[in-house]
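Chains R, H, S and B, in that order, are what the protein sequence lines are.
Using this note's numbering, you'd call the opening residue of the first sequence number 35 and step up by one each time.
Using this note's numbering, you'd call the opening residue of the second sequence number 6 and step up by one each time.
Using this note's numbering, you'd call the opening residue of the third sequence number 27 and step up by one each time.
Using this note's numbering, you'd call the opening residue of the fourth sequence number 70 and step up by one each time.
Some hints here could point you the wrong way.
Claimed, not checked - Quick list of simulated restraints, FRET-style, between CB atoms:
no., chain 1, residue 1, chain 2, residue 2, range
1, R, R380, B, V206, 34 to 44 Å
2, H, I12, R, D371, 51 to 61 Å
3, R, P290, H, P111, 42 to 52 Å
4, S, I29, H, G141, 26 to 36 Å
5, H, R214, B, Y215, 43 to 53 Å
6, R, E155, H, A22, 40 to 50 Å
7, R, R380, S, I29, 34 to 44 Å
8, H, V28, B, G205, 35 to 45 Å
9, H, I12, B, K212, 43 to 53 Å
10, R, E173, B, Y215, 52 to 62 Å
11, R, E414, S, V148, 29 to 39 Å
12, R, Y341, S, D211, 53 to 63 Å
13, H, Y290, B, Y215, 50 to 60 Å
Hint data in this document are derived by calculation from the structure and do not stem from the laboratory.
All figures in this text were calculated on a predicted structure; none of them were measured in a lab.
Every residue gets a Cβ at the ideal spot worked out from N, C-alpha and C, and that includes glycine.
Below, each chain spelled out in residue letters.
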Amino acid sequence: MKSIKYLLVISLLVLALGISSLGVMAADKPPVVIGLQGPITGAWAYEGEMAKQSCEIAAQLINEKGGILGGRMIEIRIADDACEPKAGALAAMKLISQKDVVASVSTYGSSVCEPASNLYEKFKKVNIAYGATAVRLTERGLKYFFRTCGIDSAQGIFFADYVPRVFGAKRIAIMHDNTTFALGVAEETKKALQPKIDAGEVEIVYYDAITPGEKDFSVPLTKLRETNPDVFYFTGYYPEAALIVSQARDIGIECPFVGGNAAINDEFVKIAGIEKAKGCFMTQEPMPAELPYPESKTFLDAYKAKYGEIPSSPWPVYAADALNIIAYAIDKTGSTDSDVLAEYLRNEVNAVPGVTGSIGFTEKGDREGVPYLMYVVSEEGTFDIYNK
Amino acid sequence: MKLDKNIIFKNWLILIAIVLLSVAPFMMNNYWIDVFFFFGIYALLGLSLNIVLGEVGLFDLGHVAFMAIGAYTTAILNTKFGIPIIILLPVSALAAAGFAWLVCSPIIHLRGDYLCIVTIGMGEIVRLTLINNPFGITGGPNGVFGIDFPSLGNIFMIDNSTEFYFLIWIVVGLTILALINLQRSRIGRAWNCIREDEIAAESTGIDVRYYKLLAFILGAGLAGVAGNIYASKLMIVSPESFTFMESCMLFCIVLIGGMGSIPGVLIGAAAISLFPEVFRTFAQYRMLIFGAAMVIMMVFRPGGIWPRKRGAVEFKSLLLKAGRDNV
Amino acid sequence: MRIFLEQMINGLTIGSFYALIALGYSMVYGVMKLINFAHGDLFALGSYLGFSLLVWGSAYVTSHVGLAGGMIAAMLIAAIGIGMAGIIVERIAYRPIYPAGRLPAVVSALGVSIFLQNAIMVAWGPRYQAYPVNVVPTVRFEIGGIHITLLQIIILILSFILLALLYYIIQKTTFGAAIRASALDRDTAALMGININTVIFFIFALGPALGGTAGVMVGMYYRQISFTMGWNYGLKAFTATILGGIGNIPGAMVGGLLLGIFEMLGSAYISTAYKDVFVFLILILVLIFRPRGLLGEKVAEKV
Amino acid sequence: MFKDNSVNMEMSVDTNKINENINSDKKEALETQELTKRFGGLIAVNNFDLKVNQGEISSLIGPNGAGKTTVFNVVTGIYQPDGGRVIFKGEDLAGNKPHQIVAKGIARTFQNIRLFSNMTCLENVMSGQHCRGSAGVWSSVFKSSYQKGEENRIREEAERRLHQVGLWKFRDELAKNIAYGSQRMLEIARALASNPDLLILDEPSSGLNDKESEDLMKFLKIVLKEDLTILLIEHDMNVVMGISDWVTVMDEGKKIAGGLPEDIYHNPLVIEAYLGKEEGEEL
């Protein structure tokens, strides 16, 4: 009996070491390998899945046109971070320590992106985030960090300017869910509204957070109804947004509902049901369905052909654009060296046609010129630009 | 006392383990070094919970809260006042231990499941308070970022994976020595008496309340140290790393390894931290296998992989006894 | 005052779901003294089963038996399905571990919980699923300014019927006495001729079945289900059971309702963000001053 | 009914008074004065006075449910008294926790054995020495010379006690694996390991056969010489009569008699309490 146990322990140690040597000997293969780090498992597995599919389509389109650097195909290497900081650092290190990974599309959650980008910076690997919108990520003066998605402040500024002007709203209720993204947008919106508040034109009558993952929001909504707001701005994610809209309409909150750019999509319409979803507004970068550009049309057709439906949120499409811009930079500079790529991305890249519109990066690495639009959910559940 | 072959074999095994651990980082790439670093963190956390759960049999399912206190103390003091991490190591241990003393004193008399739900409650209160950013010090869901690396002035700086690897495993080594001495001391015996039968322990002269509190304080202090090293490695601490599921994983480490057995806890930590990485390639099925493995583990080895050797600790009565006391 | 009343109803609705899940929970917990972390995920499995039944089977069922019939059929089938799942889980994951005491069983329960959660994700996909809209007409009543929907009333009534039914079975029937006896001491109960296996079979069938029904109800009421929701509800059910007092089945009911009301009070009058902090603080205070829960019996420590 | 009761009381008081003065010249190790303990409405102990003399073996006997174990648990701090005082070495013990009372010199055993079943016999006895040591965490972790010295002292004392009860050969055996009789003796050894001044035994002879009871009595006589005082709660009359120097009888929470074993044996009240009244005398 005793000896079996000791054998078990020894085999465990040997197994661990055996596997680790596996990592060392990955040979260098001709294709250009680009890493993708995202929440393949965990609560946001759905976002991870769409991001993976979008990058595969983007790579497929480039490879069909003959690949880059004179015929070298693009290959994607996935690292799952389950949207959790520790796993994020591990996933980043996994991609970094595989020498053939040139750069990586990394990642969805802001607080996961933070440790990962620190590691990419230290090991000089270009990494482009596609879902991390926290303003502070580009305040750190990192050389190799960029992002194709917008940042919270842009959305906040747009809301603060558009809603009082167009809706004539005086009493504004803001609700977030205490996640990095939602709190970021809510804080930036409050900051952007501050001058109007001081001038007395506008008043924030409700500012609180719900707990993500919950189902019943009747209590905070009843409290919110009593402040009878003119407009109700929810900056959280679509699962809670759908529940909030239907419960709000149930208890008699009639004021217009505005969602942040992660709040409203096909899932939102499916869960809230069409008669409660129609008429809801959304501060949103151009939605995949609405992208008027030729590149977006070919991308969405290829995506629909392979997966049957287009991605239901903007983030996966930013991941595809992140991959596109890396491939573009490698092709144009003819090298896979991180410093050359970082230099090129920061200074030379501007108005490059991409799936989500023209791609360019500011000095700090943020996406240039991300236009925010006010969308409205139509009778049939589609998203139209609200151009009153 | 003649050294029977069992003890010789065990010393050999420990020697091999030490040699392997010290040579390993030079054979592995950075990714696997980091994986073994987090294995070290889980080992230290497992050892800290083992004092409370393994030695004294207290049902603690909120242990990660102490690690959070340690990590946030380090993060806040380092980013706001620039205090070097090395000095913050003992400070975060004291902060976590102080917090444990403050929180556990009024509830230490609770038994079994009641203590379990209170520790869960404490864990959730800590996590939710960190998220809600009282007085703007915890940074809310963004957490606290920009934590420096442990360094002594500019002569000595730990910043790459290998140095962190040795830092954590040296701390784990020292902890193991200290715990073995404690296990064999009057305090270790008192803890085990309390686990066996609280009333009898009290009636043979053991201040049960004091020693239960002592176990929580020592356990929390160690978890605080783990929090400090974890924070300086990731350079950011955010509430998402201190969820109830993490506490459950620590609980499983001690149970799967073997209650009260130091080698067992190390194996448990290896299982819990290496398993998900090794099977990462299976994506969603990874956690499926992980859940099933936990069930199979408990069905075939309820006593843990390497149960504590004290004249073959008979696991059945030990726990059944604990079970009966909870009514 | 009107607002307080409406908030009370909101609190009660939340509480009735907690009570229902806590009931199923305390059936298993009361008798086997086993913290069944998998109960939350069995509840989630119930809502997904109900979802599939209502989406695929609904056209056939509703055409024959009408809308209400479809709903009841979905709940019944989900209850039976989850009851069987509960028995299978007990057979595989818990039965071999009983002699080793309670702590290994907790680890096994955690394992089952992780397994079930990911099984649902693999089977139904990681997306959020939505119950069909036309399951229950959203009729809204306004009594003296207080908004209450038809579904809210149905859920409240249904929960109380199930609670009463269970209370009757446990407190008033001989089989209920057998369950309560084996809750106190399994070995002595066995000596008294109670067939422990049937008791365990019944408990692990009825407990999860109740959880499955609650799953369908949550699906119908909130219309959105996700594979991770089981974990939160499982934790709330465990809290409610302890609040009510371990092993006390009516206590779980009271504990669940109280938990809903505490959450409402915290969310409405303190701040929604600190809601759960408030709830756990109350729970800890209750346990400090009544170390056996509100309705739990005082068990004198015999020396 | 009431009248009848008072008659008995006077009678018992006289016999007590006679015995009391024989007893008074010796020094008391332990004395309870008007000790009262209620459980809800039931008065388990009703201002009960008990004297245990230094260096003697006193027994407390009485029918089942008389409140003996309750008195016992109040003295050892498991329950807090509702009234009266427990004087030990001139100090009132009421309000002390059990481990403080052990440190003050009162050690006990349990009616149903409560050993640390998964620890070895040696460790069980060493735990009795716990309150006599003071090594803290620091000295234990760094193995200071003070701590090592203390550990050896604890080990030696435990060895001595194990030899005393003849269980040394089981030292590395788990407490639960040894025979029932040996477990009884181990529990006594554990109590003695805290070097008490007063040893309280709760029905030590229950479950022992005659030979084992015989050995127990001989053992208690030997141990008494280490200037120890012993209080025995016992049912087995020949053990009580065999070794006790003083016997106190209790019924329904009240003291009904106290005296030398022979007097108690013939005391009508005691017989009545145990065997109930003969037929004719019921009023």
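Each hint, compared with the structure:
1. The supplied range of 34 to 44 Å is broken by R:R380 and B:V206, whose beta-carbon atoms lie about 56 Å from each other.
2. Taking the beta carbon of each, H:I12 and R:D371 are about 57 Å apart, inside 51 to 61 Å as hinted.
3. Checked against the given bound of 42 to 52 Å, the beta carbons of R:P290 and H:P111, roughly 49 Å apart, stay inside it.
4. Roughly 31 Å separates the CB atoms of S:I29 and H:G141, a value that falls within the hinted 26 to 36 Å.
5. Between H:R214 and B:Y215 the C-beta distance comes to about 25 Å, which lies outside the given range of 43 to 53 Å.
6. Separation of R:E155 from H:A22 is about 35 Å and departs from the stated range, judged on CB atoms against 40 to 50 Å.
7. R:R380 and S:I29 have their C-beta atoms about 55 Å apart, which leaves the hinted 34 to 44 Å range violated.
8. Between H:V28 and B:G205 the beta carbons are some 38 Å apart, a value that agrees with the proposed interval 35 to 45 Å.
9. With their beta carbons about 20 Å apart, H:I12 and B:K212 fall outside the hinted range of 43 to 53 Å.
10. In this structure, R:E173 and B:Y215 meet the distance hint of 52 to 62 Å, their C-beta atoms being roughly 56 Å apart.
11. In this structure, R:E414 and S:V148 meet the distance hint of 29 to 39 Å, their C-beta atoms being roughly 33 Å apart.
12. Taking 53 to 63 Å as the suggested C-beta distance range, the pair R:Y341 and S:D211 conforms, at roughly 58 Å.
13. Taking 50 to 60 Å as the suggested C-beta distance range, the pair H:Y290 and B:Y215 conforms, at roughly 57 Å.
Hint compliance for this structure: hints 1, 5, 6, 7 and 9 are broken, all remaining hints hold.
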